[in-house]
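So the sequences go chain by chain: Z and V.
For the first sequence, the working numbering assigns the number 1 to the initial residue and increments by one for each residue that follows.
For the second sequence, the working numbering assigns the number 1 to the initial residue and increments by one for each residue that follows.
Each hint can be trusted.
The following residues of chain Z were derived to be distant from chain V, with all beta-carbon distances above 12 Å:
#, residue
1, 10
2, 37
3, 127
4, 130
5, 176
6, 233
7, 236
No more than 30 Å apart at the CA atoms, straight line, and that leaves these computed lysine-lysine pairs for DSBU-like:
#, chain 1, residue 1, chain 2, residue 2
8, Z, 63, V, 115
9, V, 130, Z, 156
10, Z, 132, V, 211
Now the in silico label distances, taken between C-beta atoms and shown as ranges:
#, chain 1, residue 1, chain 2, residue 2, range
11, Z, 112, V, 59, 48 to 58 Å
12, Z, 222, V, 116, 28 to 38 Å
13, V, 63, Z, 52, 32 to 42 Å
14, V, 48, Z, 68, 18 to 28 Å
Note that these hints are calculated values from the structure, not bench results.
Built from N, CA and C at the ideal position, the CB exists for glycine as well.
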Amino acid sequence: MIEIKNVSLWYDGFRALATITETIKQNQTVVICGPSGCGKSSLLRCINGLERFQEGEIIVDGKSVQSPQTNINQLRASIGMVFQHFELYPHMTALRNLSLAPMLVRKKSREEAEDIALKLLERVGIREQANKYPGEMSGGQQQRVAIARALAMEPKVMLFDEPTSALDPEMIKEVLEVMIDLAKGGMTMIVVTHEMGFAREVANEIIFMDEGKIVERGTDESFFKNPKSERTKDFLNKILPA
Amino acid sequence: MDWAVIPKNIYFLLGGLGLTFELAAISIAGGLLVGIIMGLGRVSSRRWIYYPATLYVNFFRSLPLILVIFWFYFLMPFILGRPLGDFLSAVIAFIIFESSYFAEIVRAGIGSIRKEQVFAGYSTGLNYYKTMRHIVIPQALRNMVPSLVTQCVIIFQDTSLAYVIGLKEFLRRTALVDATQFRSIELYSFAAIVYLVFCFAGSMASRRLEKRRGQGRR
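The shape of chain Z in the complex, shown without the other chains (with noise of 0.2 Å):
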C-alpha cells in the first residue's frame, strides 16, 4: 500500500530523514516512535505530500507522491490524516468540519454529506456533539471529530501524528479506543505516537527512529522485551511504566 524508497530529506543542510525505506501493506498498522525532532512527524508528512523530500520515492496506492503525474490532491484525498493539534477548522460546526471535503472534492450533495457526516460522528461516539463549534468541546471530543472528518472521506491510508500528546490523561483512552476500532476494522495506519499500549494491541509491527534513521523494528512482544540497540532500550526505559 505505501512503499518508501531511500527517502532524505534536509532542512537548509540539516538531515531529517536519512534513506529511510519501508513498506506497509494494506489492512496493517504500523507505530513510528522515537524521541523529538528524530524525523517521525517529517516522514508521516512526506506520505501525504505535505513535505517535500529531496531524495527517493514514496509510492502510496501504486501512485508516486512527488512525481509531476500525481494529481497530489486526488491522491492526498484517500490519505486521511489526524493532527497532534486537532486542527478542525474552528469558524465550522462538527458537521460542517465533515462534510466541507466530501462536498467540495467527491461533489457529494449536502444531504448525502452529512449523512455520513452524522454516521461517522454516531460511530466516534459524539453524535450530539454535531452542531457545536471546535472551541465548545473537549479535547478528547475535537479528537474524534477530526478522525471522523479524516473518515469522511473514505480513506484507503491514516496517518496519525502524535494524536494523543495534547490531550489530558483522562481524555486519551477514548481516543485510542476510535482507533484501536479502526485498526480491528482492517484500516490501513501509521501510527506516531508514544502510547506503547497502543502499540502492543494492534500494531503490526513498531519503528523506533532516532535522528532521522530507523534503528530497529519489531514486530511484537520482542520489540519491548529484548530490543536489539542501546538507544532503543534507553527509550523505552524513559516512556515506558517502571
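Dock chain V against chain Z, hints included.
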C-alpha cells in the same frame, strides 16, 4: 462665545461633512480592494508577486500622507497633461496610501492562521484555492475585522488632510467660516465634537465585533 455661528452656517458645514463621508467611503472601498490584492501578494510564495507588492506597501507606508496628497495633486496633471480636480486627485492619493495599510492588515490576518490549518485542508484533498477560500480567508477575515474598522476610523480622520489641496471638506469649510466670522473656539469645538461622535461610534462598533468574535468560537 456666540454659538449662533453654527446654526447660521450649518448647511454649508454639513455639506462639507457630506464630502468628507464621500471621500472616506470611496477611499475605504478602493483602499480595501487594492489592499486585499497587495496583502495577498505579500503572502505569495511567487517572487514576482511578492516583491512588487512588498515594495509598494513599504514605499507608501514610509511616506507622510500629506506628502502623498500633495504629490498626486501635482503629479497627476503632469502625467495626464490636464488637471484632475482636487476631489479626484485626493481620492487617488487616499486609495493608494490607505491600501498599503490595509495590505498589512490583510497580511497579518492571513499570517495569524497557523500553517497546520492549511495542512488540514490539504490533507482532505482540498487544493490551494479551496483551502484559502473556505479555511484560511474566513478565519483571517474574522481576525482582521477590529483592525479594519480601526483603519476606517483613521481614514475618516485622515480625510481632513485633503484641506491642503483646497478640497472643501468638513474641516476646510469650518476654517472658511471662521475666516469671515472669527468664531474659532465655537467652530473648531463643533468640528471636534462631530469627529469625536463618528470616530467613537466606529471604535464602539469595532469593540462589539471583537467581543462577538470571542464568543463560543476559538
